[in-house]
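*Asks:* Each chain, written out:
Protein chains: 2
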Amino acid sequence: MESQYRTEVASLGEFGLIEHLTDRNETVNGGTLLSVGDDAAVIDHFGKQTVITTDLLLEGIHFDLAYTPLKHLGYKAVVANLSDLCAMMATPTHITVSIGISNRFSVEALDELYDGIYAACKRYDVDLIGGDTSTSVKGLLLSITAIGEVKNDQFVTRAGAKENDLICVSGSLGGAYLGLQLLEREKKIFLESPGVQPELAGHSYPIGRLLKPEARVDIVRFLQEQNIVPTAMIDVSDGLSSELLHLCRKSGVGCVVYDDKIPVATETKAAAAELHLSAVTCALSGGEDYELLFTIEQKDYELVAKNEEISVIGYITAGDRGAVLQTKAGATHKLKAQGWNAFT
Amino acid sequence: MESQYRTEVASLGEFGLIEHLTDRNETVNGGTLLSVGDDAAVIDHFGKQTVITTDLLLEGIHFDLAYTPLKHLGYKAVVANLSDLCAMMATPTHITVSIGISNRFSVEALDELYDGIYAACKRYDVDLIGGDTSTSVKGLLLSITAIGEVKNDQFVTRAGAKENDLICVSGSLGGAYLGLQLLEREKKIFLESPGVQPELAGHSYPIGRLLKPEARVDIVRFLQEQNIVPTAMIDVSDGLSSELLHLCRKSGVGCVVYDDKIPVATETKAAAAELHLSAVTCALSGGEDYELLFTIEQKDYELVAKNEEISVIGYITAGDRGAVLQTKAGATHKLKAQGWNAFT
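Keeping their order, the protein sequence lines are chains D and S. Be aware that the first sequence starts at 207, since it is given in this note's numbering, and climbs by one per residue. Be aware that the second sequence starts at 207, since it is given in this note's numbering, and climbs by one per residue.
Calculated from the structure, these hints are not laboratory results. Owing to the predicted nature of the structure, the values given are computational and were not obtained by experimental measurement. Heads up, some of the hints might be wrong.
As the list makes no split between identical chains, a pair holds if one copy fits it or if it spans any two.
Computed cross-link-like contacts, DSSO-like style, restricted to lysine-lysine with a CA-CA straight-line distance of at most 27 Å [stated by the list, open to error]:
1) K456 with K467
2) K357 with K512
3) K393 with K344
When you get a sec, could you build the whole thing from the sequences and use the hints?
*Replies:* What follows is the structure in structure tokens.
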């Protein structure tokens with residue numbers, strides 16, 4: 207997890223640490239008028255609207271450093287926030303990053319974390335413009351706020367889905383959940399028999415989905431280019447079922463989703479088979495895929511069909527019909543939120 | 207600390223808790239296009255520039271619930287961020303609040319915390335527009351991001367102070383530090399002899415400065431009304447010495463500050479005397495006063511002098527002269543940063 211050399215954070219002091227972590231920070235957005243190093247940052251969206259989201263990630267709750275490299279953690283923490291901006295049809299522009307760290311973490315370990323943070327900034331043309339740095343009594347915590355922009359009144363909420371709209375989802379689902387199950391299996395084996403080599407061969411896809419997810423800025427750009435304005439949109443962070451229920455509740459509608467239309471990658475199906483799990487159940491209930499779930503008017507079907515990364519998985523119904531999964535075998539099931547709940 | 211009744215957070219679940227904490231949330235800013243409840247919030251600053259700052263507050267590091275009522279903690283956490291916006295000459299408009307809580311905290315306790323957060327929102331006409339809520343392994347943590355607005359290019363950084371500028375500070379200093387010393391004294395006595403009544407009579411001023419500080423939006427408004435554009439500005443959160451050194455370093459200048467010009471309230475002097483401390487040292491090294499430290503051109507002196515809440519405490523010199531405290535007795539001392547360092 208950590209490099210060969212260990213520099214104590216205390217040797218730099220708070221301001222020294224901030225300088226160390228941010229001296230390689232480069233801003234690329236013209237709107238970044240003032241970045242790290244003052245009381246606050248200043249951005250100019252030149253008349254566009256500002257979109258803001260924030261996430262808190264705590265060691266022992268949201269991540270386990272036993273199988274999360276710090277670089278991946280930093281990258282993923284940024285991506286999770288950018289994904290929320292994408293779900294508004296906004297373009298990510300800036301982030302702030304606050305960290306709390308116990309004395310277990312060396313400067314080298316923090317450098318790895320920031321390698322991942324800066325890699326995500328570079329990948330998505332996002333500027334890191336501020337944050338806060340503190341010691342913690344125990345463990346690592348990350349609080350990231352992401353800021354984006356959207357043309358006036360072009361943002362998309364969860365609340366606009368209408369009866370007969372088509373339900374679309376980007377990419378494929380269930381992979382991150384299976385990646386997690388594979389890593390937890392290997393962690394368990396390792397703890398019981400430290401000598402045994404991990405059996406992760408052939409599973410780089412689901413593990414990659416878990417450790418290095420991407421935010422679907424490409425889907426947002428495609429929809430913008432095609433002049434498709436989704437009627438409602440949400441990102442899939444807690445599992446498809448949970449997100450469908452959010453979207454339906456906010457929009458006051460119901461839905462029918464076909465189990466055989468839910469996109470699941472071949473590698474995800476293979477991992478599910480190996481672990482004796484249902485791949486569709488993993489897609490419905492497993493979190494952290496960071497795909498986009500959105501609804502479109504039927505007239506936009508042809509346009510959406512051009513993009514192989516988008517699957518139409520069902521349609522919106524009247525609210526009193528509830529949210530329903532229709533199986534290929536002909537059975538129907540009420541959808542239940544089985545997503546991750548931080549309080550149970 | 208907590209109310210008579212105890213509702214377990216787990217009984218509400220994550221989304222139930224968010225709804226519970228935000229169902230009384232009212233937005234007052236016309237620019238708040240979308241608030242809590244979607245993937246992100248949307249704000250419109252109508253062509254103004256957006257100013258962003260963020261703070262992380264951890265139990266056991268930044269606050270001690272033994273003598274910080276949760277309502278005060280919530281209020282102060284918001285104020286500390288708004289103070290950073292003031293230090294840019296920005297007007298606060300929005301906040302996001304993320305909390306991590308262990309199962310020690312009931313819903314009633316969180317209601318107290320949010321009472322304070324909402325009280326600050328109301329006092330400062332700020333909208334709460336988002337956040338994140340999670341369980342924590344241990345203790346309470348708060349991560350607040352504050353957003354404000356400023357007319358195009360009217361923000362003030364730490365970097366613009368010029369030789370011969372006058373150094374000004376708002377309000378009075380050292381009070382919060384002495385409030386903390388008084389509370390720590392009483393906590394120690396209480397732990398040693400639980401039956402002894404706390405001796406805090408007559409000390410409501412310094413304790414109030416610690417527990418319920420205010421952000422100096424009034425000073426920002428005054429400067430704007432008088433068309434005074436400070437050449438540099440910073441808020442006093444870590445002690446006057448530390449902030450002067452930041453400002454001088456960023457501006458590439460030195461300074462002379464007169465010890466007898468540093469504003470210290472009568473009640474702060476009384477508390478300092480009782481604790482055998484130097485009030486000026488408390489003002490120089492004690493943190494959390496949340497006053498504004500700024501520099502102005504000499505031509506603005508008459509305008510600033512109209513405001514009794516602003517004291518001129520010294521002047522800016524060439525960088526090679528360093529940052530110096532000049533005592534009434536004629537001695538000079540190099541200023542040292544003795545502010546709070548989270549890593550030592």
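*Asks:* With reference to the structure, classify each hint as holding or not holding.
*Replies:* Hints and how they fare:
In this assembly of identical chains, the alpha carbons of K456 and K467 lie at most 27 Å apart only when taken from the same copy (24 Å versus 58 Å across copies). For the homomeric pair K357 and K512, the shortest alpha-carbon distance inside one copy (25 Å) is at most 27 Å, but the shortest distance between copies (44 Å) is not. In the homo-oligomer, the alpha carbons of K393 and K344 lie at most 27 Å apart both inside one protomer (22 Å) and across protomers (24 Å), since each shortest distance falls under that limit.
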